[in-house]
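Going down the list, the protein sequences come from chains P and H. According to the numbering used here, the first sequence is numbered sequentially starting from 1454. According to the numbering used here, the second sequence is numbered sequentially starting from 284.
None of these hints come from the bench; they were simulated from the model. Some hints could be false.
Claimed, not checked - No more than 25 Å apart at the CA atoms, straight line, and that leaves these computed lysine-lysine pairs for BS3-like:
(1) Lys400(H) to Lys1584(P)
(2) Lys1589(P) to Lys1501(P)
(3) Lys400(H) to Lys1589(P)
(4) Lys1570(P) to Lys419(H)
(5) Lys1589(P) to Lys419(H)
(6) Lys1666(P) to Lys421(H)
(7) Lys362(H) to Lys1589(P)
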Amino acid sequence: MNLDFSPVWEGWRALASGTLITIEITASALVLGCLLGLLIGLGRLNPKRTVIYGLCTTYLTLIRGTPLLVQLFILFFGLPHFGIQLPAYMCGIFGLGIYSAAYVSEIVRGSIQSVEKGQMEAARSLGLPHKLAMRKVILPQAFVRMIPALGNEFIALIKNSALVSLLTIADVMHEGEKIISVSYRSLEVYLAIAFIYLMLTSITTLILRRTEKVLRADGRV
Amino acid sequence: MGAAIIDIQNLSKSFGNHQVLHDITFSVQASQVIVVIGPSGSGKSTFLRCMNGLETAEGGTLRACGHTVVEQGRMMSEKNLDALRSEVGMVFQSFNLFPHLNVLHNITLAPMALRGKSRQEAEEHGLRLLDKVGLKHKAQVFPGTLSGGQKQRVAIARALAMEPKVMLFDEPTSALDPELVGEVLQVMKTLANEGMTMVIVTHEMGFAREVADVVVVMDQGAIVEAAPPAQLFTAPQEARTRRFLQNVLSRDAAPVL
Chain P
1454 MNLDFSPVWE GWRALASGTL ITIEITASAL VLGCLLGLLI GLGRLNPKRT
1504 VIYGLCTTYL TLIRGTPLLV QLFILFFGLP HFGIQLPAYM CGIFGLGIYS
1554 AAYVSEIVRG SIQSVEKGQM EAARSLGLPH KLAMRKVILP QAFVRMIPAL
1604 GNEFIALIKN SALVSLLTIA DVMHEGEKII SVSYRSLEVY LAIAFIYLML
1654 TSITTLILRR TEKVLRADGR V
Chain H
284 MGAAIIDIQN LSKSFGNHQV LHDITFSVQA SQVIVVIGPS GSGKSTFLRC
334 MNGLETAEGG TLRACGHTVV EQGRMMSEKN LDALRSEVGM VFQSFNLFPH
384 LNVLHNITLA PMALRGKSRQ EAEEHGLRLL DKVGLKHKAQ VFPGTLSGGQ
434 KQRVAIARAL AMEPKVMLFD EPTSALDPEL VGEVLQVMKT LANEGMTMVI
484 VTHEMGFARE VADVVVVMDQ GAIVEAAPPA QLFTAPQEAR TRRFLQNVLS
534 RDAAPVL
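Same shape as in the complex, but just chain P (with noise of 0.2 Å):
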């Protein structure tokens, strides 16, 4: 077997500039996809409130039940039948930001219900109303729960964004498929891309577990 893995270090400056734009879009998508994760995990725990409840559970089920590619494809080449032009770019972060926040919010609800009945009942037999309960004392709790379900979805997301290149937006993968197209090494061009991605899951789930330590210091759940 040959390797030349000249066309890589020929076009590294590409290459960098397309993690960068991953990086961007990737960590857009991930505080949008947390925010509206949360909104959507709170929105779900008490079935009682039925609208609110039922219009987050038809959003997870529509999102979490179809593919992200037709989604991105949705928002890029659907929306302006109505007259709405977003960016690629924008349509990038939507489309995985609105993807990762059905994952998120079932990790959001799921660690909220884990943290004892009694922590709840102990905020408000101090008298705190429900929601500054909530904000106090439960949702601590909860985040330090979510890390480790949430590095995964990090992770996922981290991946997934390699779908947005076919959005013509020029992140890491879109750079090194312009390398193939003029070098045909594809084998050495999507190693170097497979290599910028694992480094940048490995990033992550480091920091990830760093602060999962410290938060977790001297029995604090």
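Please build the complex by placing chain H on the supplied structure of chain P, with the hints as guidance.
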């Protein structure tokens, strides 16, 4: 007799088809120490938890600290419940300290959020309360590092930080190793001596005998008998009380084999 701190008329409650409280009428006067005993499943905890609105009742009337919690089976609004609960301290069997906050912040959280106290004010008060329960040196540690007895003493200090008019204790020593029970009961005894109004669900008969003004015996969701301990433990009027006391006290007196 002055106005009761807690006044309960014909209180009833069911979980589905199972009625857990039957037509309970009872009142607690200022500075009284009420100890509630009875077999497990008799509705003691549910009765106690009705007093700060943690459980909803469907029948009767319950007034606590000037708030009408239940009126003719109708619960007061959530918002008013918050005001009531800030005046009623609650101590749980499983402590329920907030594990993500250190001991002092467990205590200062509610006074700062609800009483508008500054951090400094709240912490000074918190440290005085910790001193009172003998745990001033643990102010900065997290609950996960404490023993059960220490946790429960912090939980008592946390409830006291809201300067409640009455303290409710739901089996405060039942989750403790036997050698740690004494330190918690000692703190409760001190509170009782200072004139705190207390309602205590417990299996500690010795404590009931020593500290209670009135001992209430519950069985199958109803009050069987309520009397001062001297009378209740020596001359119980009801057969069910005698049977319960026999069961509990014979266990305590059983020879070690």
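So, going through the hints one by one against the coordinates:
no.	hint	in the structure
1	Lys400(H) to Lys1584(P)	holds, 20 Å
2	Lys1589(P) to Lys1501(P)	holds, 24 Å
3	Lys400(H) to Lys1589(P)	holds, 16 Å
4	Lys1570(P) to Lys419(H)	violated, 28 Å
5	Lys1589(P) to Lys419(H)	holds, 24 Å
6	Lys1666(P) to Lys421(H)	holds, 23 Å
7	Lys362(H) to Lys1589(P)	holds, 18 Å
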